[in-house]
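Visitor: Chain residues, written in single-letter form:
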Amino acid sequence: MAISIGFDIGGTFTDFAMLDQDDGRWIFTKIRTTPDDRAVACLEGVQTLLAEAERPAETVNYLAHGSTVVTNTIIERNGAKTALITTRGFRDVLEIRRQVMPNRYDVRVPKPQPLVSRPLRVEVSERVLADGTIEQRLNEEELHTLLEQLKEQGIESIAISFLHSYANPTNEDRALAIVADHSDWYVCTSHDVLNEFREYERTSTTVANAYVAPPMQRYLDRLERNLQDQARVVAPLLIFQSNGGVAPASQTKALPIASVLSGPAAGVMAAGAIAKQSNLGDFISLDMGGTSCDVALVKDGQPTFAYEQEIDGWPVRTPRLDIHTVGAGGGSIAWVDPGGLLRVGPQSAGADPGPASYGKGGENVAVTDANVVLGRLNPGYLLGGRMSLNRKLADQAIGTLAESLDMDPIQAAAGILDVVNSTMVRAIRVVSVERGYDPREFALLPFGGAGSLHACDLAREMGMREIVVPPYPGILAALGLLVSDLRVDGSVTRRLRLSEVDEAELVHVFRSVEEGLRNSAAVRTRPEAGWWAAYSLDMRYLGQSFELRVPMDVEHPSGNSLERLAAAFDQTHDQIYGFATPQAAKEIVAFRISLQAPSGLSSDQLPRYPIANGGVEATHRPVFFHNVGMVEECPVFIREQLPLGTRIDGPAVIEQMDTTTLVTPDFSAEVDPHTNLILRPC
Amino acid sequence: MATTKIDPAHLEVTRNYLIGAAEEAWTALKRTAYSLNIKERGDCSAAVFDGKGEMIAIPPSGVPLHQGSMEGLVQRVSKLYDPATIRPGDMFVTNDPYQGGSTHTPDYCVVAPIFSSDGTIVAHIANVGHHADVGGRVHCSTAIDNESIFEEGVLIPPVRLCRSGEIVQEVVQIIRHNSRMPTDREGDIQAQVAANRVGGRRLQELVDRLGPELFQSSTDALLDYSEQRLKSRLREIPDGRWEALDHIDGDGVGSEPLLVRLIFEKRGESISLDFTDAPRQFKSSRNIPPTALRATVYTVLRTLVDPGMHLNGGIHRVVKIVTEPGTWLDPQHPSAVGDRAAPCQVIGDVVASCVGQMIPDRMVAAIGSYQAWRFAGIDPRTNQSYTNYESVAGGLGATTFADGMDGVRGWSAGSMNPPIEAFEQELPIIVRRYELAIDSSGAGKWRGGLGMRRDLEVRGLETRVNTTSMRQIISPPGALGGQAGQTAQFVLNPESDREQALPPVFTNLEVAYGDIISVRTPGGGGLGNVDERPQSMIEGDVVDGYISKDAACDVYEVRLEGDLVLREREEVRQ
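Protein sequences appear in the order of chains U and W. When the count follows the numbering used here, it moves up by one through the first sequence with no breaks and lands on 682 for the last residue. When the count follows the numbering used here, it moves up by one through the second sequence with no breaks and lands on 1256 for the last residue.
Simulated from the structure, these hints should not be mistaken for lab results. Hints may be right or wrong, so weigh each one.
[Stated by the list, open to error] Capping the alpha-carbon separation at 16 Å, the derived lysine to aspartate or glutamate pairs in EDC-like fashion look like this:
hint	chain 1	residue 1	chain 2	residue 2
1	U	Lys276	U	Asp300
2	W	Lys1002	W	Asp956
3	W	Lys913	U	Asp337
4	W	Lys687	W	Glu895
5	W	Lys1231	W	Asp1121
6	W	Lys687	U	Asp406
7	W	Lys1127	W	Asp1043
8	W	Lys734	W	Asp902
9	W	Lys687	U	Asp408
Just so we're clear, the structure is a prediction, and the values are computed from it rather than from any experiment.
Model the full assembly from the supplied sequences, consistent with the hints where possible.
Guide: Right, dumping it as structure tokens:
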């Protein structure tokens, strides 16, 4: 007997997914998140699942968890009291940032408070130069004195960040050894956390890591203890990371910042498994919820990666899925700006009071209200009838807005959808067109509560030919935890001219980074997991500052790897920026490796939508469609009633508990063998 | 008003799209550029213009001063060249501030027309990048004692940079050949072309989809929208006429400090700014061309009157700027203008002072101007000559609700600092200190932002340094009883027996290998009386090291017991 459980903490709810591998039975549940101690809801949910499945806790052999603890700790500023030890003369690097205002045209938006206050940013004599030369060795006496002083400050955690440590980590390593010797504070060095140049971004990432480490360790210790002692679950806990993989909890305790992006990334991984089931390698996922919309691109089954992100104004650069987030959700507020434009978002009405139609006293018109007024959302069928919307309040609110715009209410509601869709279209462009991909060659995979309501309009706008609506669009984050592989990433900055290296040298650098990764907590706790490595280089034309990633086959040196790297780089540059200069000198800047090992479920184990026996019965209601107008007798179907192979031509609405799929008149829908709804232009 | 009524939802969708197109161009430029200044400091901007050359959309990512660049360029091109000879795939380049191109010669502007299917030009995509050296008398092309534009580098009038999609190599060669950093020039120009191609493709898609008529009525409506939005904000504000006086440090080549006077009038739905009472144009490069003046005025209005403003040509219909030709704020060809950005900081302050009188809760004290320095010499690591520059931010002025921000660029200045690690990789310079400058801010109920101190050790040979500076003689004034911020300082070999104070601005100062050259930028002015500052905030500043204990006692008239701040006056009262 074997049970897999995944649970993901969101702002409002913690979502749970469980598969009983013996009978293929899936159970999903939701528990209100417990912000005071998020481990409480986790324990409760796991116990609920086991009770419902009537299985003993020992049968759980796979347990994966995604959480927003790292992000929340930074946003809520309740991390550890942290000190920063840095090169003499540079303690303000963190506070000066890039010397620009957070919002260039608004003095009301303040600079965020550094995670380490100024008195706790201390300087020590040492200096490494740009080429890695040690100009001055670490002054150990100074460091000892500083540590004595810090002891009196009651700190819990230390970040060490020295200039040019990516080029030579000796001084940082020595400082690390001394700190570790001196106390049991958590301590990390900048070259371990982010082995790349640009001191502000590296220091910020390192400080964020040190700041969240003690609370994250305590949280995970508590959670592991609760699960073992109270739920009697003995399976080792895996933690989802920003890179789309899972790692043993011990790895996360050592490097918590790698798990900063969780739910949205897990959703993309689940979407990937669903697409794979249908042999679909290229798609764009669109997770539209209440306040925001997360968009990501997957090519050949591989999600794309990004390295720049900010958490509450602080750069946190760890490998993460390239997910572009925009403020477009069901709760996004529509408003008239002083110049008479119809704007939507980025403010959201949230869940309380929520859109006007929630009937909780909210007076804001939200995207959900527009969908109600246009007949797209069934006011009585949200969450399978567990929640209802007030049509009259939606009409009133839109009516008032329409009046101030001098439009009729239907036109105004349709306009709200146009505007919110244009925000999502821009997000789709960012991950596709701006990265050199043609969206017309990709399918759209909408999920979240509202994705499939907007999917046809977005696909039409982008020229996309296929939409895949998965069986349970509301639980993809929890599902993603169960399909993700083990993964750890490593990198090193080495600036080398491509014309001056040979293949053996590249392989040698890769091997040295790989050795470090193989010593990580993740690999050491799972040595037999069947790890495999993927290698890539960050390259640029000599003189540029931003790099493009080019893969390299290190396992099978071909003898002409350098020519192939050069050609692949030129091609990528041309694809993204529209030009290449093959004759220009090329430079390698960073070596990147990811080690991965299979761990999650295979895609044939994914949940299917339960189809009831009993025939299809459509009801009808008026629904508005762009370019067509109000369709008075638009058929409305219940998803459970649609057997495999059913084909429905638009216009139509397909309702299910956690979402509504709109099939516009120019699309048709079909239920595929995996119970996905496939929508295509007809 | 546009003749066709444009649906407000369609207009927002279009606005969103146009900003996106310009942003794509900006990103491509930054990511493919070669020079430190564009790729790491982001000293570049991109914008969309309509068929007639009126600016339609500019994303907030660029540098505010560049808003003035590019305006007027399209009009100039169509005067110089028969529009019938302009083809799809053509691009034009210029760096001449007197030809509608840029605000000083290092800014190369590149503009590309976008055609509709019927062959008319309905839009333009344009971008501008600050090239660190475009030739001229001294390295980095800008020096305070340049007497005319002819000393400020090669002057490229609007000429074709691309013909039907192909780069005109002759022009690139001229630009290359006239720079001390030819490889960077070629790479940056190529990046500017690529940026317009990326943004242009996006713009073309919209033009094709909407068709020429709807596209044009949409861009017209966007101009109306920006006009209406600002007007509606102005209707909430009482009418009046205000004056602000301040000083610049002088013309930079020997004069005493000079008066800056602004008469600001708000009447109904419009604003006029009268700068006519100004000294004659300078025999230095501190003149401000009208494009830079306008960009500065708009930046302050946007920041203090309506941060949500959609900046475009529609604003011209609401804001009138009056200058006297032949003065330093309306200099005539061939006056030098290279140093225009530093005095623009003071212009920003007088505009802000008037806005603060007009809208009392938006009062802001003067900002600490940034200082810039430019280096040239031989890099012993490569035995090649190099030249580059950077600017170091001061502190912002205090507002009516918060302390001024420490160490950030203000008003129309906006490029970032280079990462120290990138700077040291590329230049024979070692950064020895980079920190907030203690006691540099103006005291008050709200204190000004701190300026910064940056020390550089010269590791090149035959090194020469030029500077740009402001607020080094006249300190940034406080507001509503707040005190002035500290002035800027340049020092050679500080805290050593070879210490030497340097003048505010200088050209071709020779410094030796191993010398340390140090700058302290000015702090922002304070706002409100010092005795209204809560004791806890004074304590916090002392603990954090933003003000020294001595300064706290002197300026705030308090006594310190350990970390506790006690007010003398209150003790007396007790």
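Visitor: Determine for every hint whether it applies to the structure shown.
Guide: Against the structure, the hints:
For the hint linking Lys276/U to Asp300/U, the alpha-carbon distance of about 10 Å falls within 16 Å, and the restraint holds. A C-alpha spacing of about 8 Å is found between Lys1002/W and Asp956/W, which places the hinted pair at or below 16 Å, so the restraint holds. This hinted pair checks out: Lys913/W and Asp337/U have alpha carbons roughly 12 Å apart, not beyond 16 Å. The suggested pairing of Lys687/W with Glu895/W holds, with an alpha-carbon distance near 13 Å, which does not exceed 16 Å.
Straight-line distance between C-alpha atoms of Lys1231/W and Asp1121/W comes to about 10 Å, which keeps the hinted pair within the 16 Å bound. Distance hint between Lys687/W and Asp406/U is fulfilled; the C-alpha atoms sit about 11 Å from each other, no more than 16 Å. At most 16 Å may separate the alpha-carbon atoms for a hinted pair to count; Lys1127/W and Asp1043/W meet this at roughly 14 Å. At roughly 11 Å between alpha-carbon atoms, Lys734/W and Asp902/W fall within 16 Å of each other, so this suggested pair holds.
Only pairs whose Cα atoms come within 16 Å are accepted, and Lys687/W paired with Asp408/U is accepted, the gap being roughly 14 Å.
No hint from the list above goes unmet by this structure.
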